[in-house]
Every structure is written in C-alpha cells, then in structure tokens.
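J.: So for the sequence shown, the numbering used here puts the first residue at 4; every next one is plus one.
Just so you know, the hints here were simulated from the structure itself, not pulled from any lab data.
The structure presented is a predicted model; accordingly, all values stated were derived computationally and were not measured.
Yeah, the Cβ is synthetic: ideal placement off N, Cα and C, and Gly gets one too.
There may be inaccurate statements among the hints.
[Claimed, not checked] Quick list of in silico lysine-lysine cross-link-like pairs, DSBU-like style, CA-CA up to 35 Å: (1) K101 - K112; (2) K5 - K59; (3) K99 - K31; (4) K59 - K35; (5) K201 - K5.
[As the list claims (entries may be wrong)] The calculated label-pair distances, taken between Cβ atoms and stated as ranges, are: (6) G111 - S39: 24 to 32 Å; (7) M17 - I182: 16 to 24 Å; (8) L37 - R82: 39 to 47 Å; (9) M17 - Y148: 12 to 20 Å; (10) Q30 - P175: 31 to 39 Å; (11) Q33 - G152: 42 to 50 Å; (12) T24 - T149: 16 to 24 Å; (13) Q96 - N172: 38 to 46 Å; (14) D203 - H42: 37 to 45 Å; (15) R117 - S153: 17 to 25 Å; (16) L13 - K91: 14 to 22 Å; (17) K112 - F28: 30 to 38 Å; (18) T24 - G150: 14 to 22 Å; (19) Q33 - D80: 44 to 52 Å.
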Amino acid sequence: MKWYDVTRPLAAGMLVYPGDTAPSFDQKDQGKYLISDLHLSTHTGTHIDAPVHYLKTGGTVDTIPLEYLIGPCRVIDIRSGNSLISRKQLVGQLGKEKRILIRTAYSGKNTFERDYPSLSLEAAEYLISCGIVCVGIDSPSIESYTGDGSVHRHLLRNNCTIIELLDLNGVPEGVCDMIALPLRLAGLDGSPARVILKGDG
4 MKWYDVTRPL AAGMLVYPGD TAPSFDQKDQ GKYLISDLHL STHTGTHIDA PVHYLKTGGT
64 VDTIPLEYLI GPCRVIDIRS GNSLISRKQL VGQLGKEKRI LIRTAYSGKN TFERDYPSLS
124 LEAAEYLISC GIVCVGIDSP SIESYTGDGS VHRHLLRNNC TIIELLDLNG VPEGVCDMIA
184 LPLRLAGLDG SPARVILKGD G
C-alpha cells in the first residue's frame with residue numbers, strides 16, 4: 004500500500020480563484036524561535052466547502068461529520084470529454100463507496116483557466132441519488148466559472164461535502180482510504196485541508 008498526499012502546497016503566488024485573497028506569509032525571527040503570520044482565504048488551495056458557504060445557513064466547517072471525510076473513497080478518471088462533466092460520464096463509474104474524487108486534466112496545472120472541469124447540475128443530482136456524502140475534484144471549483152451556484156447548493160443542501168483543488172496526479176483509479184481534515188474553524192464557511200489517500204502503489 005502507498006500513501007498519496009493529494010494536497011496542493013500553500014505558497015505565495017499559488018493558483019487562486021479570481022476574487023479570492025492571494026495567500027501571503029510573513030515569517031519573523033523572534034530570537035529564540037521563528038513564527039509566521041498567515042493571510043489567506045478559507046477557500047485557499049486544497050479546501051473543503053461547508054454547507055453555509057452557499058446556503059448562508061446550516062452547517063459550518065467545524066461541524067462537518069468526520070465520517071464524511073474519513074474512510075473508503077473511489078478515485079475516478081474523467082480526463083476526456085468536455086469541461087462540463089455530465090451524468091453520462093459518471094454512470095457506471097461509481098461503486099459502493101460514498102466518497103468520490105474526480106481526476107481531470109487539471110491536476111498539476113498551476114494557473115487559473117476559466118474552462119476548468121466542473122460538474123453539471125445533472126451530474127450533481129446523480130451523485131446525490133447514489134448517496135454520495137463527499138465529492139472532491141482537482142479543479143478550482145466543483146461548479147463552472149459561469150455557474151449560478153446551483154451545483155454547490157444541490158450538493159451542500161443534501162449533506163454532500165465538497166473538496167476542491169486537489170492534485171490527483173499519479174493516483175490510480177479505484178478504491179483507496181481517504182483522510183481529509185479541515186482546520187477546526189468555528190462558525191466558518193470552509194477551510195484549507197490536508198487530504199491524503201492510502202491505496203495500491
């Protein structure tokens with residue numbers, strides 16, 4: 004078995020969604036020790052969306068059930084086709100696992116592209132109908148750049164946690180164990196997360 008760290012490093016100059024705060028870091032030498040100040044968005048880098056992010060009410064990131072974020076998951080590869088992932092592309096790809104991660108051609112890209120891969124509303128509806136409780140993607144957002152928020156709202160309203168901006172390069176398709184932990188930020192809408200997988204090497 005092999006461990007895969009599918010978290011994008013947090014660093015100055017990294018890819019950010021247009022309008023989000025670009026991260027900055029200020030390290031200080033206090034004589035006996037070093038300490039750093041961080042300035043970043045709750046949706047910087049690899050991060051987890053809480054229901055309140057789009058619903059404005061409901062669960063915050065510190066209340067997401069851990070069983071949604073830890074356990075068996077299935078990595079599926081959708082690197083071909085249009086940037087908008089359809090229901091048809093998901094049918095037959097899901098197993099019994101209730102957590103899925105979608106690998107697209109965006110893994111490894113470090114610049115923002117408006118036509119990044121994202122879910123169509125029909126694809127989101129299909130995932131909910133299959134009982135999915137966590138869906139992750141390697142692009143900047145689960146929803147298209149021109150989306151109206153309906154994909155986020157449908158997933159979050161139905162208790163499906165969203166992970167965005169993963170890096171699934173080198174991760175094989177199939178079943179693995181996932182640990183995806185956000186910071187325990189009380190009352191907030193999301194958090195950067197460390198996401199690791201354990202699967203066949």
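J.: Against each hint, give a clear statement of whether it holds in the structure.
T.: Going through the hints against the structure:
Our distance criterion of 35 Å between C-alpha atoms is met by K101 and K112, whose separation comes to about 27 Å. Restraint check for K5 and K59: the C-alpha separation of about 39 Å exceeds 35 Å, so the hint is violated. For the given pair, K99 sits about 49 Å from K31 by alpha-carbon distance, which is inconsistent with the 35 Å threshold. For the given pair, K59 sits about 44 Å from K35 by alpha-carbon distance, which is inconsistent with the 35 Å threshold.
For the hint pairing K201 with K5, the CA-to-CA distance comes to about 5 Å; that is within 35 Å, so the pair holds. Here the CB-CB span from G111 to S39 is close to 27 Å, well matched to the stated 24 to 32 Å. A C-beta distance of roughly 22 Å is found between M17 and I182, which places it inside the suggested range of 16 to 24 Å. Separated by about 41 Å at the C-beta atoms, L37 and R82 satisfy the suggested range of 39 to 47 Å.
Taking the beta carbon of each, M17 and Y148 are about 18 Å apart, inside 12 to 20 Å as hinted. For Q30 and P175, the hinted distance range of 31 to 39 Å is satisfied, since their beta carbons lie about 37 Å from each other. Under the hint 42 to 50 Å, the C-beta atoms of Q33 and G152, about 44 Å apart, fit the expected range. At roughly 22 Å, the beta carbons of T24 and T149 sit within the given window of 16 to 24 Å.
At about 19 Å, the CB distance of Q96 to N172 disagrees with the hint of 38 to 46 Å. A hinted range of 37 to 45 Å holds for the C-beta pair D203 and H42, which are about 39 Å apart. Checking the proposed 17 to 25 Å range against R117 and S153 shows it holds: the Cβ atoms sit about 18 Å from each other. Roughly 36 Å separates the CB atoms of L13 and K91, a value that falls outside the hinted 14 to 22 Å.
Distance hint check: the CB atoms of K112 and F28 are about 22 Å apart, inconsistent with the given range 30 to 38 Å. Separation of T24 from G150 is about 21 Å and conforms to the stated range, judged on CB atoms against 14 to 22 Å. Here the CB-CB span from Q33 to D80 is close to 47 Å, well matched to the stated 44 to 52 Å.
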